[in-house]
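4 protein chains.
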Amino acid sequence: MKEEAWKTAVTKVEPNKLVLRGYRIDELMGSVSFAQAVFLAIKGELPTEREAKMIDAMLVSSIDHGVTPPSCLSARTIATTGAPLNAAVAGGILAISRHHGGAIEDAMKVLLEAVRREREHGKGEEEMADLLVQEYKGKNRRLPGFGHRVHTKDPRTQKLFQIAGALGIAGAYVGMAKAIENAIEKSSGKSQPINVDGALAALLCEMNFPSPLANAFFIMARVPGLVAHVYEEQTRMKPMRQINSRDHEYDGMPERKLP
Amino acid sequence: MKEEAWKTAVTKVEPNKLVLRGYRIDELMGSVSFAQAVFLAIKGELPTEREAKMIDAMLVSSIDHGVTPPSCLSARTIATTGAPLNAAVAGGILAISRHHGGAIEDAMKVLLEAVRREREHGKGEEEMADLLVQEYKGKNRRLPGFGHRVHTKDPRTQKLFQIAGALGIAGAYVGMAKAIENAIEKSSGKSQPINVDGALAALLCEMNFPSPLANAFFIMARVPGLVAHVYEEQTRMKPMRQINSRDHEYDGMPERKLP
Amino acid sequence: MKEEAWKTAVTKVEPNKLVLRGYRIDELMGSVSFAQAVFLAIKGELPTEREAKMIDAMLVSSIDHGVTPPSCLSARTIATTGAPLNAAVAGGILAISRHHGGAIEDAMKVLLEAVRREREHGKGEEEMADLLVQEYKGKNRRLPGFGHRVHTKDPRTQKLFQIAGALGIAGAYVGMAKAIENAIEKSSGKSQPINVDGALAALLCEMNFPSPLANAFFIMARVPGLVAHVYEEQTRMKPMRQINSRDHEYDGMPERKLP
Amino acid sequence: MKEEAWKTAVTKVEPNKLVLRGYRIDELMGSVSFAQAVFLAIKGELPTEREAKMIDAMLVSSIDHGVTPPSCLSARTIATTGAPLNAAVAGGILAISRHHGGAIEDAMKVLLEAVRREREHGKGEEEMADLLVQEYKGKNRRLPGFGHRVHTKDPRTQKLFQIAGALGIAGAYVGMAKAIENAIEKSSGKSQPINVDGALAALLCEMNFPSPLANAFFIMARVPGLVAHVYEEQTRMKPMRQINSRDHEYDGMPERKLP
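Protein chains in written order, with numbering that gives the first Met the number 0: chain W, 0 to 258; chain F, 0 to 258; chain S, 0 to 258; chain A, 0 to 258.
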């Protein structure tokens, strides 16, 4: 009653040989960046040179956002108990969920649907954006990917779109995101600019990432930030302290220019 | 009864400004690679150009090792139940522990101690390595970072040391690792070559990473691999299947050359 | 800019006093069973005597199901890496999700809806059950809580209903579950008896548990089983073994009678 | 190349039969309490009647301690992000670690060692306790299980020892714990009474629980509390709120008498 083997297409492991999506890992090492390897592992193909630059900038944009996000707080809270680093990081990742990081996937769905409808119905970008904003207004719902608690003009969004423009990656989805931004302002009189979630969503759409991987993208980008916080908690703070997220102060390196 | 604010040195967050270890994140974007930003987040300073190439190759080396490591199996097992991706990835990270990934930290401690004793006592590298091997033999313990279940001549180790040599990063710790490899063979007559854990340990020592971050290094490198497996499980497999790790077959891209 | 305090209704903590849902914990100790305290913590009120007996039997029914459930496999897989017990148990709980334990909540929703419609439309139980089975057949979907991979006549279901009958707890929901079981057999000619998920669902409905707590009920019941497996893995097995769930044998106490 | 089956002694699963540690689960249901089944699952044997009462009281004593423990805070923090209940509870369990709950195991080790030395060297209880307190003083370390941040006279400790006394369970370990309490006061002039961790440790020693299961005991007891908090967070609070643990107020049922 032999069972058929189950299949995997990620990595072939043989004695003294490791092949990721068709490429030997030892050949990838030194030839491609980590960001390129991440793209390969997830999507199955290496990015183009332009996509490689884009994904690098996107991962850098989300590497950390200080101590207030729930992923950081749950990771630090677990770290205060003397738990090992991996458990604290895992606890941080459990918080990268619907309301924290989740807007990237939601915004991808909105953009994918909007561009699809735009094409299907031969509507213009602006017309489609206006329609969408009206639809959401009618349902009394907020469009995901617009507005931010802290940043009115998120520097990461600006830079992501600037890089995307320079690389020729900005296409229909970035266009639609900007059209929606305009349509919101037109409709409500108030500015709700594209936030970093919305910008990442547009760019993941441009590079053809499936929307269920938006959460994965955010996790991969944020894990180093979580590690930095957990290690700081372990080495600098007293165990079992009550962490009040509002009551903190930055005392790290003063602002400095890139070398 | 105002409490004093607690301190963090990772990221300063102000409206429309995010500063990681002193550098504005929007300035980092497009200027440094994700691997460089990872190095910065964890260590507090940007890597040199040579260190940046090294850390990239190291992260790529550990991005995946197929379906048999326990981190992959726990992540896939959780994914079969319909759990969200972040929960499955978190469950994978919980398995990156003492016996899985843990040898990197153990090997770092051995190398740090060996080089310290070498310097303190004015011993030669070879002498120190022989002494160490005898000490472990006497205690009937295995030296962490040598030998591998699957790979007798791990292609990743070779490549890591080749890159480290070319970049001028290989120093006392790589030297000691190689001396220990020789001493083991001399003492036991059998070859137990440096494995990828041992090689990563030597290079993390060369770049002055604290040994408690070895686990963090491995987690950051492996998360994309876990994501790839979880997504494959979610999109390709039936829920609630019993996963027998031995009973699988690779059916992905055939081996191919880098473009 | 003083913030208003946030509110909690679970436990009041004062120096030398702990009050759970209004009762001093030191008064609860020795006066109520753990199962009664569980009921109180979750639902806010102590169970009646009959409910207390019912919830005890329900928790016992789900305490363990051997090594094949994914929660056990992920917990054991994590334990093989030398991770601490709490991490392995947490990894097990991450697998108590939609397809594993999730059927209890799904079945609760079906039963709640069916009884509501029955009452609203003045239908008889049998008529309502027939209608439901036809609706699911039309949508080509399976009714959750009926049929089992392993057990054709699940001894736990029998016993749960027998106890519920004796205690006078079996009411409209148990009646509806049985009516659906009959309707399935009538419609398909095949028996798909109520499984333990379906039985637990009916009884949680009878005791007025909110359906989103079905997952919680299963977690609370199963944690001791996970602990037993993790501890066995830690004390009896070699680290880093590849766990094939099908390839195991029971070598524990032979079957015995209760004292 | 057939592999030998691996062995488990927890539960035998056959079609229509489930046997936990030798007892059919359907026979256990209705005959033993959940606490008795927990004891059986973990220790392999049913508790005596007195042990059953003791373990029930112990589990009740630790079911919740309000919102400030890190396990509650990490669980609630994860819940604010829209994560499912099981993920939030798992994140809570990750915080039940060395400094949170961990003192039970530490205190068990101290008591086991003290009673062993007492017997080995024919010392009296008081003499042994004095010696221990001096040894810890000399190493400038605190004895685990004594003193509490909030409770100077923990009502749970009192009640646990009262029940243990009435049941005839209090023996050498409870005696030693009390002797140490006296010795601390004698030596330092300050009272550092046995806290609930110390009391649980003494009683787990009396019932012959292995010390590595102390963490498991606390997890099993606390999971219902975590569930109550997570559900309250999910149903009563706004998503993504910043949780300040100090800034809360109890607004649940006023204190009431047991019926």
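A couple of the hints might just be wrong.
One copy or any two copies: either way a pair holds, since identical chains are not told apart in the list.
Below 25 Å or equal to it, Euclidean Cα-Cα: the simulated DMTMM-like pairs (lysine to aspartate or glutamate) are [to be verified]:
1. K42 <-> E184
2. K108 <-> E231
3. K6 <-> E112
4. K122 <-> E184
5. K136 <-> E3
6. K189 <-> E48
7. K6 <-> E248
8. K256 <-> E124
9. K16 <-> E26
10. K108 <-> E248
11. K138 <-> E3
12. K108 <-> E3
13. K122 <-> E44
14. K6 <-> D250
Don't read these hints as lab results, they were simulated from the structure.
Verification of the supplied hints:
1. Neither within a single protomer nor between protomers do K42 and E184 lie at most 25 Å apart by alpha-carbon distance, with minima of 36 Å and 42 Å respectively.
2. For a Cα distance limit of 25 Å, the shortest separation of K108 from E231 across copies, 20 Å, qualifies, whereas the shortest one inside one copy, 37 Å, does not.
3. In the homo-oligomer, the alpha carbons of K6 and E112 never lie at most 25 Å apart, since the shortest distance is 32 Å inside one protomer and 40 Å across protomers.
4. Within a single copy, K122 and E184 get their C-alpha atoms as close as 20 Å, which meets the 25 Å cut-off; across copies the closest is 53 Å, which misses it.
5. Taking the closest pair of Cα atoms, K136 and E3 never come within 25 Å of each other, the shortest separation being 53 Å inside a single copy and 31 Å across copies.
6. In this assembly of identical chains, the alpha carbons of K189 and E48 never lie at most 25 Å apart, being 38 Å within a copy and 45 Å across copies at closest.
7. Within a single copy, K6 and E248 get their C-alpha atoms only as close as 51 Å, which misses the 25 Å cut-off; across copies the closest is 5 Å, which meets it.
8. Taking identical chains as interchangeable, the C-alpha atoms of K256 and E124 are never at most 25 Å apart, the minima being 39 Å within one chain and 41 Å between chains.
9. Taking the closest pair of Cα atoms, K16 and E26 come within 25 Å of each other only inside a single copy of the chain (11 Å); across copies the shortest separation is 39 Å, beyond that limit.
10. Taking identical chains as interchangeable, the C-alpha atoms of K108 and E248 are never at most 25 Å apart, the minima being 37 Å within one chain and 34 Å between chains.
11. Taking CA atoms no more than 25 Å apart as the test, K138 paired with E3 passes in neither setting, with 50 Å inside one copy and 31 Å between copies.
12. Taking CA atoms no more than 25 Å apart as the test, K108 paired with E3 passes in neither setting, with 37 Å inside one copy and 37 Å between copies.
13. Neither within a single protomer nor between protomers do K122 and E44 lie at most 25 Å apart by alpha-carbon distance, with minima of 33 Å and 50 Å respectively.
14. In the homo-oligomer, the alpha carbons of K6 and D250 lie at most 25 Å apart only across protomers (6 Å), although the nearest pairing inside one protomer, at 51 Å, exceeds that limit.
The structure shown violates the earlier hints numbered 1, 3, 5, 6, 8, 10, 11, 12, 13.
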